[in-house]
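Protein chains: 2
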Amino acid sequence: MMTPNKRKNDTLASICAVIENQERFLLTSHARPDGDAIGSQLAMAFALKQLNKQVRIINCDPTPDLYRTFPGVQDIEISATAKGNFDALVVMECSNLSRPGLQELQGNYTINIDHHLGNENYGDINWIDETAAACGEMVFDLIRFLGITITHDIATHLYLATLTDTGSFHYGNITARTFEMCRQLVEAGVNPSSIARKIFDSGTRGRLKLVGAILNKMDLEASDRLAVIYLNDEIMNDTGGSEDDLEGLVNIPLSAEVVQAVAFFKDFKGQPLRVSLRSKGDIDVRAIAVTYGGGGHANAAGFTSDVPIEAVRKTLISKITATLDNNSPDS
Amino acid sequence: MMTPNKRKNDTLASICAVIENQERFLLTSHARPDGDAIGSQLAMAFALKQLNKQVRIINCDPTPDLYRTFPGVQDIEISATAKGNFDALVVMECSNLSRPGLQELQGNYTINIDHHLGNENYGDINWIDETAAACGEMVFDLIRFLGITITHDIATHLYLATLTDTGSFHYGNITARTFEMCRQLVEAGVNPSSIARKIFDSGTRGRLKLVGAILNKMDLEASDRLAVIYLNDEIMNDTGGSEDDLEGLVNIPLSAEVVQAVAFFKDFKGQPLRVSLRSKGDIDVRAIAVTYGGGGHANAAGFTSDVPIEAVRKTLISKITATLDNNSPDS
Chain A
851 MMTPNKRKND
861 TLASICAVIE
871 NQERFLLTSH
881 ARPDGDAIGS
891 QLAMAFALKQ
901 LNKQVRIINC
911 DPTPDLYRTF
921 PGVQDIEISA
931 TAKGNFDALV
941 VMECSNLSRP
951 GLQELQGNYT
961 INIDHHLGNE
971 NYGDINWIDE
981 TAAACGEMVF
991 DLIRFLGITI
1001 THDIATHLYL
1011 ATLTDTGSFH
1021 YGNITARTFE
1031 MCRQLVEAGV
1041 NPSSIARKIF
1051 DSGTRGRLKL
1061 VGAILNKMDL
1071 EASDRLAVIY
1081 LNDEIMNDTG
1091 GSEDDLEGLV
1101 NIPLSAEVVQ
1111 AVAFFKDFKG
1121 QPLRVSLRSK
1131 GDIDVRAIAV
1141 TYGGGGHANA
1151 AGFTSDVPIE
1161 AVRKTLISKI
1171 TATLDNNSPD
1181 S
Chain B
851 MMTPNKRKND
861 TLASICAVIE
871 NQERFLLTSH
881 ARPDGDAIGS
891 QLAMAFALKQ
901 LNKQVRIINC
911 DPTPDLYRTF
921 PGVQDIEISA
931 TAKGNFDALV
941 VMECSNLSRP
951 GLQELQGNYT
961 INIDHHLGNE
971 NYGDINWIDE
981 TAAACGEMVF
991 DLIRFLGITI
1001 THDIATHLYL
1011 ATLTDTGSFH
1021 YGNITARTFE
1031 MCRQLVEAGV
1041 NPSSIARKIF
1051 DSGTRGRLKL
1061 VGAILNKMDL
1071 EASDRLAVIY
1081 LNDEIMNDTG
1091 GSEDDLEGLV
1101 NIPLSAEVVQ
1111 AVAFFKDFKG
1121 QPLRVSLRSK
1131 GDIDVRAIAV
1141 TYGGGGHANA
1151 AGFTSDVPIE
1161 AVRKTLISKI
1171 TATLDNNSPD
1181 S
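Taken in order, these protein sequences are the chains called A and B. Numbered continuously in the numbering used here, the first sequence closes out at residue 1181. Numbered continuously in the numbering used here, the second sequence closes out at residue 1181.
Keep in mind the hints are simulated off the structure, nothing from the lab. Treat the hints with care, since some could be wrong.
Copies of the same chain look alike in the list, so a pair counts if it works inside one copy or between any two.
[Stated by the list, open to error] Here are the simulated lysine to any residue pairs, SDA-like style, with alpha carbons at most 20 Å apart:
1) Lys1130 x Ser1044
2) Lys1067 x Gly1056
3) Lys858 x Ile975
4) Lys1130 x Arg1055
5) Lys1048 x Asn1149
6) Lys1169 x Val1108
7) Lys1048 x Ser1018
8) Lys1067 x Asn1087
9) Lys858 x Tyr972
10) Lys1048 x Lys1130
11) Lys858 x Thr960
12) Lys1130 x Ser1052
13) Lys1048 x Gly1022
14) Lys1067 x Gly1090
15) Lys1130 x Asp1051
16) Lys1048 x Thr1025
17) Lys1048 x Ser1178
Produce the entire structure from the sequences given, and follow the hints as far as they go.
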């Protein structure tokens, strides 16, 4: 029987062979890229350039402002189409080929690198490693396997990927391997505090005001186990917040031990009502989202609705309360 | 000339000699202990017990609720006096012997272990290492030097110390050595996500409400560079928050890029007004606190005052604004 390590090394060897034999690479990742997507792409681009390869990065959405000052970000192309002649695609962090949101991706030789469950294995080479804390951790392994020097730029992006995708080492598959990588990244010149300051101290005035307004109007239901928070045009205008400021906001109420689930209502004029759901542990909010035609994961799901907020709110609270009651340690 | 490594090894050897030759140890740390104080003490206690030493931990204040479920916490004694017969004290994280807040500490043979600037070298052995990310990192070095096995309990406490004292790897002297330690702690059985969840998802309902109330009433002064936040009996009662919930709250406004300083007014009836100041980079709030008879560090200072809040507020805002103007990139 093939051991997991043997299988991993065989996959890395196949990817290396393609990289060594081909010249023109297109790197892409998912729509609305996050720190792991941006960090993994740029680390890979810097590595391929060290091998004198032609590299382009194309994403369908712009890089979040937060990461704009990271090296190489200005070279990322934003486009709806993957136009050009490429010998191979490297698609990172995408469960299928629609996730990048790019036309004309199909038909290219594709290397699929992902650390999420549920990848559809759409590549010519599929390297899926759910034990990695971030896609950046896989890129690190590949770079090491290729014998490429970890430059300061590469190290910066791999650290960015890991720091953001683990929520500052709070969740995900953090292993001894994660910290061994971080040790090597610091030895390559990364300053962890300076990167953290860039990312986490560069919020906006609007976000700060939004957090205040939302938590101040938060309702606690089901004996405080369910936090219900609201956003509408009025709150957005009063606080001066923007869509960009909403990232991660839905998770804040989970920091209270008693809170097991969060429902976040976004109710903007002229738009369908959007509802995001979050939960801890065994509380499956996906099953609830599905009853409204939505979907997601057990602990992070959502749906949209054309029914007025008051009506949705009432049924949703009773459904979540029932789930909480069924999962309580006493039941 | 003695190299820093030679000096460190000599100091570690002296501490080892005391540990090996003595039997009865008292461990203590500063009043209102934080994660690094609790983690360093308990890691050291578990290590000494492996050597069959008699160990007592005495603190003047209780362990914060957040850490109550960590192994060994129930054995920490809370007392105003360090009563007992000891062969040696191990005092951690304390710049001087008043910081533990314990009577009858003086006169014992004392090992002083600290990673802060400004330690007064009050011990018979003084081991001060400002390059350590946390006191826990020093305890790790000592445990390794003593040849003690890193058990799951020891690893848990060293990880707790480092995770909390670096603000989840956001600040402090994080080096390759920090990550090498974390790698070894994970190999000893630490689950980083599970420890993070214990610490950061166990806030109270009151804290969540407090964050909302305080940010919602925040004033932004000096072109948004100064955030002024308030707490009084009314807010405390409305939110159901407690003193324990205030930990780290003063730092939240610094997450906005534009905010360079924070003034936090705690104005409770029948008590002197307490003002905490925080800042980023070169903004020295200690110098301002000193003008009110207070003190602290350049980026974290404070004072108390018997003058009414309105009067203090006005002068304080102009002093901080002047400091901000003097430090602006244009000046």
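Against the structure, the hints come out as follows:
Taking the shortest Cα distances, Lys1130 and Ser1044 sit within 20 Å of each other only across copies (12 Å), while inside one copy they are farther apart (31 Å). Taking the closest pair of Cα atoms, Lys1067 and Gly1056 come within 20 Å of each other both inside a single copy (16 Å) and across two copies (14 Å). Taking the shortest Cα distances, Lys858 and Ile975 sit within 20 Å of each other inside one copy (12 Å), while across copies they are farther apart (50 Å). In this assembly of identical chains, the alpha carbons of Lys1130 and Arg1055 lie at most 20 Å apart only when taken from different copies (16 Å versus 29 Å within one copy).
In this assembly of identical chains, the alpha carbons of Lys1048 and Asn1149 lie at most 20 Å apart only when taken from different copies (18 Å versus 28 Å within one copy). When the C-alpha separation of Lys1169 and Val1108 is checked against a cutoff of 20 Å, the pair qualifies only within one copy, where the shortest distance is 18 Å, while the shortest distance between copies is 42 Å. With identical chains, the CA atoms of Lys1048 and Ser1018 are at most 20 Å apart both within one copy (13 Å) and between copies (15 Å). Taking the closest pair of Cα atoms, Lys1067 and Asn1087 come within 20 Å of each other both inside a single copy (15 Å) and across two copies (16 Å).
For a Cα distance limit of 20 Å, the shortest separation of Lys858 from Tyr972 inside one copy, 18 Å, qualifies, whereas the shortest one across copies, 55 Å, does not. With identical chains, the CA atoms of Lys1048 and Lys1130 are at most 20 Å apart between copies only, with a shortest distance of 12 Å across copies and 29 Å within one. For the identical chains of this complex, Lys858 and Thr960 are intra-copy neighbours only, at 18 Å inside a copy versus 53 Å across copies, given an alpha-carbon limit of 20 Å. When the C-alpha separation of Lys1130 and Ser1052 is checked against a cutoff of 20 Å, the pair qualifies only between copies, where the shortest distance is 12 Å, while the shortest distance within a copy is 28 Å.
In this homomeric assembly, Lys1048 and Gly1022 come within 20 Å of each other (Cα to Cα) only across copies, at 15 Å, whereas the closest approach inside a single copy is 22 Å. In the homo-oligomer, the alpha carbons of Lys1067 and Gly1090 lie at most 20 Å apart both inside one protomer (17 Å) and across protomers (15 Å), since each shortest distance falls under that limit. In this homomeric assembly, Lys1130 and Asp1051 come within 20 Å of each other (Cα to Cα) only across copies, at 10 Å, whereas the closest approach inside a single copy is 27 Å. In this assembly of identical chains, the alpha carbons of Lys1048 and Thr1025 lie at most 20 Å apart only when taken from different copies (18 Å versus 25 Å within one copy).
Only between protomers do Lys1048 and Ser1178 lie at most 20 Å apart by alpha-carbon distance; the minimum there is 19 Å, versus 40 Å within a single protomer.
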